[in-house]
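Visitor: Residue strings, one per chain:
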Amino acid sequence: MIQAISLKNCKFSYVPNKLVINIDQLDIASGERVFLHGPSGHGKSTLLNLASGVIKANSGVVSVLGNDFTNLAQSKRDHLRGEKIGYIFQIFNLIPYLTVKENIILPCLINKKRANQDVDKQAEELIDSLGMREHINKKVTDLSIGQQQRVAAARALIGNPEIIIADEPTSALDEKNTKEFMNLLMKEWEKRKFTLLFVSHDERLKSYFERSISLPEINHHD
Amino acid sequence: MINFLTFKSIRNRKFTSFLCVLSIALSVTLFLGIERIRNGARDGFTNTISKTDLIVGAKGGPLQLLLYTVFHIGGAVNNIKMSTYNDIKAHRQVEWTIPISLGDAYRGFRVVATDENFYKHYRFRGDHKVEVMDGVTPVDTFDVILGSEVAKKYKHKVGDPIVISHGLSEVSIMSHDNTPFKIVGIMKPTQTPIDTGVYITLQGMEAIHFGWETGAPSGETIDAERFKKENIEITQLTSFMVKLKSRIAVLKMRRDIDQYANEPVMAIIPALSLQEMWETISYVEQVLFLVSLCVLLVGVLSILISLYTSINERRREMAILRSLGASARHIFFLLLYESSFLVLMGCLLGVASMYGLLYFVSPWLESNFSVYLPIEALSKTEWIYLGAIFVVGTLAGLIPAIKAYMNSLQDGLTIKI
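Residue numbers (numbering that gives the first Met the number 0), protein chains in the order written: chain Z, 0 to 221; chain S, 0 to 416.
Chain Z extracted, bound-state conformation:
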């Protein structure tokens, strides 16, 4: 089976002699839904930065969709992220001066390979499936947090990226909005079968996923 994300003997540190990441083995299969949990301070952000190619491991292998990130130039990694990875932050995902629709199509403007067909049509379909048709041309600052996170999900989904990385996307949401958000994400997964790496410290969400990984268990950082 092809691994979507694969880390082997991966080490990373910001300052010498203080490893933030020290992972022997982490494999996430293509199309898999993985729940990654653990308290803060265990290198969660760093791991996501490594997996999305923003930073480079000091040693070992970080391979994403068959591309060895440790041997790939920064610009190539940026390009690959733009083309094949959708990313959702925990809050404030959206560019405040763009409308809902403009935010959703932004990845396709940054990377032309992200979507090969009609970008506008895709954006509108996504907005429809989020039930946000009436907000399409609104400023994102006029939306509620729940709505903003749904728009962020739509932006991550546009162009059918192979990997979606969600960095605590529900931590700012109440229970009802969390449920709505998770259902929506799962519904889209059923349709698109992307690889989902979902990071959260809310272990109640574990049930939505096929596999759960505890970060403190795999990361032997200093």
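One or more of the hints may lead you astray.
Ranges between beta-carbon positions, derived for each pair [stated by the list, open to error]:
| # | chain 1 | residue 1 | chain 2 | residue 2 | range |
| --- | --- | --- | --- | --- | --- |
| 1 | S | 297 | Z | 202 | 56 to 62 angstroms |
| 2 | Z | 7 | S | 312 | 36 to 42 angstroms |
| 3 | S | 359 | Z | 75 | 54 to 60 angstroms |
| 4 | S | 377 | Z | 58 | 55 to 61 angstroms |
Derived, one-sided and incomplete: chain S residues facing chain Z with beta-carbon distance under 8 angstroms [claimed, not checked]:
| # | residue |
| --- | --- |
| 5 | 3 |
| 6 | 7 |
| 7 | 8 |
| 8 | 11 |
| 9 | 315 |
| 10 | 316 |
| 11 | 319 |
| 12 | 321 |
| 13 | 322 |
| 14 | 323 |
| 15 | 324 |
| 16 | 325 |
| 17 | 326 |
| 18 | 411 |
| 19 | 412 |
| 20 | 413 |
Quick caveat, the hints were computed from the structure, so don't treat them as lab data. Backbone N, C-alpha and C define an ideal beta-carbon position, used for all residues, glycine too.
Dock chain S against chain Z, hints included.
Guide: Positioned in the frame of chain Z, the structure of chain S alone reads:
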């Protein structure tokens, strides 16, 4: 995507962006405007007289000769003999001459006696010649043509009689009441000292002084026959202008005149003297230039400050763009585009308002300061200035752009709130 984002982001910060553009525009306007005024003043000054190769007058200060012949300022210590004039005029190298005889004033304006050559040959600001707006040029002894300023100030029309006073003071002590001059023409504005002159014939100048030979009026009535043009003999001049057939001969001719045996006379090259005179006051020009440079510096700094302060509040935006596949280089260029766009807008607005200002101010400058500012297309130098402003403004944007670049490398996908 960069164009799209730049545009949206500038629109998002409408007010600050507008202020930025405005400050650039203001400095561009001031810079170009001051440059134009500076050049206009210099051109206006050094082109007060053109085409004339030499000015000849009694020996004395060269500056003085220039001042009284061209600017009607001050007076000559000595006159020159008519025979000297005729002698030089007859030289085979001479193309034309314009005789000038000064001495009197009309209500504070200088009376200049000359002949038809003045109207035919005198040139200023390149190839502009003296033109009559109304009436004709003086032919008879008591004919007068007024400079436009004189006519405007005293609301004179063609046909009005005027009285010319002896000496130069505005309040005339002794008027030449018995020699009634008549206005036969009014000249078009030239923006040169001609506008403030009252022009009569050489014979007229002689006629004013009939019966004044002792320096005060003799009281005797003068026979009308004596005033007839053909009965008046011109005996002396104040100075005269010379145009040579070949410019190569100018220096030699000047030397010859300086060594003229029959009378102590001297010649100056007006273009050279004007240039020299301007240079003595050119520090004013340099100060103006420095001031406009400072204004420009402030404009460029305003861009730097406004972009730099916006960087921190936009850190989150940068991280989002990074997560969507933008490289740190993208972020760098995004900022750079923004600054160059603001500078470009500032330049455009600045040029537009410079022309707007010119349109309103130039008539006033022209009539009050003789600074002639035609509304012309941007000169090559101005394009270079604009280009330099654009480059410097964009370079100022480099500093926030580098800062944003460093930030986004450091932050990665971590959102700093």
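Visitor: The structure should be examined with respect to each hint, and the outcome stated for every one.
Guide: Results of checking the hints against the structure:
| no. | hint | verdict |
| --- | --- | --- |
| 1 | S:297 / Z:202: 56 to 62 angstroms | 58 angstroms, holds |
| 2 | Z:7 / S:312: 36 to 42 angstroms | 40 angstroms, holds |
| 3 | S:359 / Z:75: 54 to 60 angstroms | 58 angstroms, holds |
| 4 | S:377 / Z:58: 55 to 61 angstroms | 60 angstroms, holds |
| 5 | 3 | 6 angstroms, holds |
| 6 | 7 | 5 angstroms, holds |
| 7 | 8 | 6 angstroms, holds |
| 8 | 11 | 3 angstroms, holds |
| 9 | 315 | 6 angstroms, holds |
| 10 | 316 | 6 angstroms, holds |
| 11 | 319 | 6 angstroms, holds |
| 12 | 321 | 6 angstroms, holds |
| 13 | 322 | 4 angstroms, holds |
| 14 | 323 | 5 angstroms, holds |
| 15 | 324 | 2 angstroms, holds |
| 16 | 325 | 5 angstroms, holds |
| 17 | 326 | 4 angstroms, holds |
| 18 | 411 | 4 angstroms, holds |
| 19 | 412 | 5 angstroms, holds |
| 20 | 413 | 5 angstroms, holds |
Checked against the numbered hints given earlier, this structure breaks none of them.
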